[in-house]
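**Student:** Protein chains in written order, with our numbering: chain U, 182 to 493; chain H, 6 to 542.
These aren't lab readings, by the way, just hints derived from the structure by calculation.
Possibly wrong hints are sitting among the right ones.
[Unchecked claim] Label pairs and their computed distance ranges (CB to CB):
1) Gly60/H with Arg236/U: 32 to 40 Å
2) Asp280/U with Ile181/H: 34 to 42 Å
3) Glu268/U with Val180/H: 56 to 64 Å
[Unchecked claim] Calculated cross-link-like contacts (lysine-lysine; reagent style DSSO-like; alpha-carbon spacing at most 27 Å):
4) Lys172/H with Lys310/U
5) Lys251/U with Lys7/H
6) Lys251/U with Lys105/H
7) Lys251/U with Lys106/H
8) Lys366/H with Lys296/H
[Stated by the list, open to error] Take a look, some chain U residues computed to stay more than 10 Å from chain H by CB distance:
9) Glu392
10) Glu441
11) Arg445
Heads up, the beta-carbon is just placed ideally off N, CA and C, and yes, glycines get one too.
Now for the letters of each chain:
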Amino acid sequence: MNSTIRTENLSKRFGRTVAVDSISLAVPEGSIYALVGANGAGKTTLIKLLMNILRPNAGQAQVLGIDSAKLTGSAFNRIGYVSENQELPDGMTVGAMLDYFRAFYPNWDRALEDQLVRQFELPLKRKLKDLSRGMKMKASFASSLAYRPSLVILDEPFSGLDPLVRDELIEGLIERAPETTIFLSSHDLAEIESFSSHVGYLQAGRLLFSEEMTTLANRFRDVTITLTAPSALPANLPASWLDPQTADCVLHFVQTNFNEDSPRELAERFPSARDIACEPMTLRQIFLSIAKSSRGSQISRINKTSGQEKEA
Amino acid sequence: MKQILHIFLKDARRFWPEILVSLALVAALVRLYPRQFLAPDFMPVPFWTHVLSDGLMGFLSQALVVLVPLSWWLLISRIIHAERLVGTNQFWLTRPYDWKKLLGAKALFLIAFLYLPIFVAQMLLLAEAGFHPLSYLPGLFNNLLLITGILVLPLVALSALTPTFAKMTLVLLGVILLTAGIALLVSNMATNTTGSVGGSLGDGLSFVVLLSCCLAVIVLQYSLRRTGLSWWLMAAAPILLFALAVFDPDQAMMNRTYPRPASGAAAPVQLRYAPDATHAPAMTNYTREAKELEINVPLLVSGVADGDLAILDAVQVTIDAPDGFHWASPWQVIYNNRLLPSTDKSSVNFIIRREVYDRLKSTPVTFHLAFAVSNAKVESVNQIPLPKQDFFVPEFGVCAPHFSSPPGGQPEIISINCRAALHQPGLTYVSMLWSDAPCPDSQSELSTGVLGAAWAGSLDEDLADFGITSVWETPLNFSNRFGDYRQGMLHMHQICPGSPVTFTRYITTRRTQTDLTLQNFHLPELSIGNRSIMLSK
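So that you can see chain U by itself, here it is in the shape it has in the complex (with noise of 0.2 Å):
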């Protein structure tokens, strides 16, 4: 599958911070990808370099095919881009701003512009400075979506909505989908579990991983192991095991490397377990029990490519 955007090592220094260290991803064409990460992981910083508002230390980007250092003019006709830190023309009402932006784009649908206006309800002669965060999220979503791009680039799109206008533009966005390809930055894992494709965490700058949703969902499993006999915690545990635990007769961990032959292995590891439960994980409990582990220098032990690394 052709990749919409792909990074090389790509990375950017604000002094001796390192906001985005050495990512390689690629995000496939009519994907979903969501990048999640905690605050101040570098997402936006990421999504920056993406829109050549920043300039890489090092690596690069491709970003529809062009190389993001010389991302400018023409080439944003096939871009739409929401962040929630965007400053808008506020003098302008949202007619203006739309009758504004209209000239700009080639391929700007006006019936979906009206089509846009109606479903987010938008004032069309309201100035934007007057509008709320909901509304002027909507006004910039209306006026990124018109000209039906080949890439919707978001920035926490969903940051302090209300949970109305989050759904809304959630909806918007979903109908866009099948068009486009979305690249979402957001730290609220549950907003995005229900429409990305793919999914990539960034944290302090460094990408943890980069793959699809399901393949993510399937590989992770939370795992408790009852003993017969109460037990310490044994040794050489595998590095894709993260957070294990006991407690009297029970193990506890979350395996980051689940197939279908883990079942199998997991008795023969533990021929004396009276019951081996292993149970699939919402991506908001992946996301803690790597947060978790990584505090805990364990870092190393997450697989990146599902599945590929050997147990120890």
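Start from chain U and add chain H according to the hints.
**Tutor:** Just chain H, lined up with the frame of chain U:
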């Protein structure tokens, strides 16, 4: 072009209040500024009327010369910051803006709402002052170029480097303080080190440096938004200007601009050192701590041919002491030292270092003065009987008699006010006869009186001098204006209507050097604060 117009129209719609303010100020300038040079018919008015009308309007017309550029400052900041170049959150960064078209739209805005109004205003002012505007089109465009380089581009560059009007204002204040500091520094070290002779090469290079740095910053910011690099470029401008002020390129060019006359060729003017009882060399200093001292040397002048004029433009001083000590000054500018055929005495002032003086004050030294001299000849003479209203002087400008009314008396002409288009006129010697007595009715009785003479203009004429207005007032400060005391009051002469006023215009014929060497010269005693102590050789 479509995108340029689109952005231009957006800016025009958004910034109409700022546009309106700027246009109103330019319109007021056209309406009020002519009060500066139009001679009103003399009409005694009550004091308060005078204060309210003439005083206030006069102040306002002068203030407009400052207010118009201030309105441009606001206008430029507004339109550049509408798509600001500093920051990472601007909406336009991720829209299909072509930077060349964005820059083109801003240029179109400035053409429409800054250049066009001031161009029309300058044409109207010329017409109001009695000049035909279409005859001065090259000069008008030249003035627009100067306005661009000195005002508009620096303001655009500063706007391109700052995110908001407030920050731009702070930076601008910093630039003004920096410029003042540099000027102070240069003025303190000018004669100490190399000095400036104020030639056209240094001025031209300074203009080019300012223009180039601003253009580079603007293009760099619009094309790549490299704010850090652009700041370095912008900082290079004052550094280079400072270097040009200190290491004046005109100094190095003096021997080419003013070549030594070929052997056997006549000197441009004969100068001899001639102290006498009333005119001796003097050494002055305004404070005891000063590092520089000014020396005045009296001169005898001869050799200026009839119809010619010699101007001492600059002097370079070389001192050699018997013990082998040698000191040479840079070229120092001499102001207003014009020598006519009738001039027999003059003097020249120049600066020497205090340490040099202290070392040599008790030793006879060899003093060598090299003078840079401009020779000029009469280009045209226009003699005009002074009318009671405006009159045109070919190749000079438009002049008008200036009336004053003594208490209880009739209005008298006490001066002549002149104005020129776009720059000061060419160097012109203006002469007429003051009258002591009431003006006679008959034209034939006007041929007696006290000579009043004044110099106006300059030998170096450009197409235009930098100015917000296109009309330059040319003051004529006539000599012998005051007569004797009568009844305890200083009596002022008057110029009678119909009295012939002669405008003699000069043009440069050559620039050369001439030397004067003073052997066994004793530096005069130092006089603090005045020149009362004089010593002869």
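**Student:** When you check the alpha-carbon spacing of Lys251/U and Lys105/H, does it fall within 27 Å?
**Tutor:** holds, 15 Å
**Student:** If I claimed the Cβ atoms of Glu268/U and Val180/H lie 56 to 64 Å apart, would that claim hold in this structure?
**Tutor:** The hint (56 to 64 Å, Cβ to Cβ) is violated, given that Glu268/U and Val180/H are roughly 27 Å apart.
**Student:** Does the alpha-carbon distance linking Lys251/U and Lys106/H stay inside the 27 Å limit?
**Tutor:** Holds. Lys251/U to Lys106/H sits at ~17 Å (cutoff 27 Å).
**Student:** Per the stated criterion, does the least C-beta distance between Glu441/U and chain H lie above 10 Å, as a non-interface residue requires?
**Tutor:** Correct as stated: the minimum Cβ-Cβ distance to chain H is 45 Å, above 10 Å.
**Student:** Quickly compare the C-alpha distance for Lys251/U and Lys7/H to 27 Å and report which way the hint goes.
**Tutor:** holds, 23 Å
**Student:** Please test the hint of 34 to 42 Å on the beta carbon pair from Asp280/U and Ile181/H.
**Tutor:** Holds - the Cβ-Cβ distance for Asp280/U and Ile181/H, about 41 Å, lies within 34 to 42 Å.
**Student:** Can you tell me whether the CB distance of Gly60/H to Arg236/U sits inside 32 to 40 Å?
**Tutor:** violated, 58 Å
**Student:** Does the claim that Glu392/U lies outside the interface with chain H hold up, using a Cβ gap greater than 10 Å?
**Tutor:** holds, 27 Å
**Student:** Could you let me know if the closest chain H CB is still more than 10 Å away from the CB of Arg445/U?
**Tutor:** Holds, because the least Cβ-Cβ distance between Arg445/U and chain H comes to about 51 Å, which exceeds 10 Å.
**Student:** Has the given pair, Lys366/H with Lys296/H, been kept, meaning a C-alpha gap of at most 27 Å?
**Tutor:** Holds, at about 15 Å.
**Student:** Lys172/H and Lys310/U: Cα distance at most 27 Å?
**Tutor:** holds, 22 Å
This entry does not satisfy hints 1 and 3, going by the numbered hints stated previously.
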